[in-house]
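Colleague: Sequence:
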Amino acid sequence: MSLADALRLLLLSSLWGLSFIFMRVAAPEFGPIPLVLIRMGVGALLLVPLLLSLRYLTLIWQHKGSLLILGIVNHVLPFSLLALATTRLEAGFTSLINATTPIFTALLGAAFFATPIQRQQYLGLALALLGVYVLSANRLDFTLGGDGWFIVAVLGATFCYGIAGNYSKTRLSHLPSRVLAAGSSAMSALVLLIPGLLLWPSEPVSMLAWGNALALAMLSTTLAFLLYFGLLASAGATATSTVTFLIPVSALLWGYLLLNETLSLQVVTGMVITLAGTAIATRLLRFRSRGVLTPPRPPHE
Numbered sequence: 001m002s003l004a005d006a007l008r009l010l011l012l013s014s015l016w017g018l019s020f021i022f023m024r025v026a027a028p029e030f031g032p033i034p035l036v037l038i039r040m041g042v043g044a045l046l047l048v049p050l051l052l053s054l055r056y057l058t059l060i061w062q063h064k065g066s067l068l069i070l071g072i073v074n075h076v077l078p079f080s081l082l083a084l085a086t087t088r089l090e091a092g093f094t095s096l097i098n099a100t101t102p103i104f105t106a107l108l109g110a111a112f113f114a115t116p117i118q119r120q121q122y123l124g125l126a127l128a129l130l131g132v133y134v135l136s137a138n139r140l141d142f143t144l145g146g147d148g149w150f151i152v153a154v155l156g157a158t159f160c161y162g163i164a165g166n167y168s169k170t171r172l173s174h175l176p177s178r179v180l181a182a183g184s185s186a187m188s189a190l191v192l193l194i195p196g197l198l199l200w201p202s203e204p205v206s207m208l209a210w211g212n213a214l215a216l217a218m219l220s221t222t223l224a225f226l227l228y229f230g231l232l233a234s235a236g237a238t239a240t241s242t243v244t245f246l247i248p249v250s251a252l253l254w255g256y257l258l259l260n261e262t263l264s265l266q267v268v269t270g271m272v273i274t275l276a277g278t279a280i281a282t283r284l285l286r287f288r289s290r291g292v293l294t295p296p297r298p299p300h301e
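UniProt numbering numbers the first residue of the sequence shown as 1 and each following residue consecutively.
Watch out, some of these pointers could steer you wrong.
To be verified - Have a look at the derived ranges for each label pair, beta carbon to beta carbon: (1) TYR122 <-> TRP200: 37 to 47 Å; (2) LEU208 <-> LEU140: 30 to 40 Å; (3) LEU45 <-> GLY65: 14 to 24 Å; (4) LEU199 <-> GLY230: 31 to 41 Å; (5) LEU193 <-> PRO49: 11 to 21 Å; (6) SER234 <-> SER53: 20 to 30 Å.
Hint data in this document are derived by calculation from the structure and do not stem from the laboratory.
Beta carbons are placed, not taken as given, at the ideal position from N, Cα and C, and that holds for glycine.
Turn these sequences into a full structure, and let the hints guide you.
Modeller: Here is the structure:
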C-alpha cells in the first residue's frame, strides 16, 4: 500500500468512525428512519452526477432490481438498525459490535453462497463471538429499558451487511463502483421516502442535530463511498478490508473526545478479542504449520 493509499485508509476509517458519533447525536431527535432518509437522500443527490453518461444510466436500468436489493440490505436496513441502536448505546460500543460484519459475511457465504471456510477461520469466528460476549455480557438485559434489544439491532445490521457483501460479490461484481454506490444510494432514498416523511419528527429539530445529519450524509456516506471504492481500485480488497479494524478504534477515540464516553477495561478487552478473531477469520492473520500467527504474504511472494 502506497503512502497516499495509507492516508486515504486512515481518513476513511475516521469518517466511518465519526458516523457513529453523528448518529448518536442526531438519531434521538430525528428518529432512525428520517435520519437514514437524510443520509441516503443527500448522499444520492451528491453521487448521482457521477452517472451522467448513457453507459452508466443503461447499467442502472438493466440492474435496477439488483441495485434495489443491494440498497435495502446494505443501506436501508443496517443503517436504520444502527441509528436505532445509537439512540441507546454509546457510539464506540456500537462500532465494536458492528466490527463483527466479516464474521456474518463468512458464515452466510459458506451457508448460502458456496464460499468455503478454512479450518483456521473457525477459530477466528469463535474468538470474535467471544469478544462480542465479553463486550456485552453485562448489558444483555431484554426487559423494558434494557440494552439487550439494541445490541441485537446492531447484530442485525451486521447480518444485513453479511448478506450484502456476498450478494454484491456474486451478482454485481462486474458493475463499475460508481454504479454500485450511486445506484444503490438512489434506490435506498426512494425506499425510505414515504416512511421517512410519515415518521418525520413533529417537534423542531435542533441545528446541532441537523449539522450531524448532514455531516453523516456528506462525509460518512458520500465522501466515504468515494474513498472506499477508490481504495478498492488502487490498493485491492485485502488492504482495504483492514478498515474494519480501524473503524472501532476511530469511533472509540471520537466518542471519548467528543461525547465524553468512557474507555473501560471491559471495552478494551472485548475490542482486542473481537478484532483478533476477525483478523483470523478474514485471513489477515494466518497460522503456519507451527501454529504461529503471521500476516499474509503479498501476492508477488
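Colleague: Quick one: are LEU208 and LEU140 within 30 to 40 Å, going by C-beta?
Modeller: 32 Å, holds
Colleague: Given a hinted range of 31 to 41 Å, is it respected by the beta-carbon distance of LEU199 and GLY230?
Modeller: 34 Å, holds
Colleague: Within 37 to 47 Å: is that where the Cβ-Cβ distance between TYR122 and TRP200 falls?
Modeller: 46 Å, holds
Colleague: Falls inside 14 to 24 Å, the C-beta gap from LEU45 to GLY65?
Modeller: 22 Å, holds
Colleague: Okay, LEU193 versus PRO49 on CB: inside 11 to 21 Å?
Modeller: 20 Å, holds
Colleague: Taking the CB of SER234 and the CB of SER53, does the distance hold inside 20 to 30 Å?
Modeller: With Cβ atoms ~22 Å apart, the hint holds.
When held up to the earlier numbered hints, the structure conflicts with none and fits them all.
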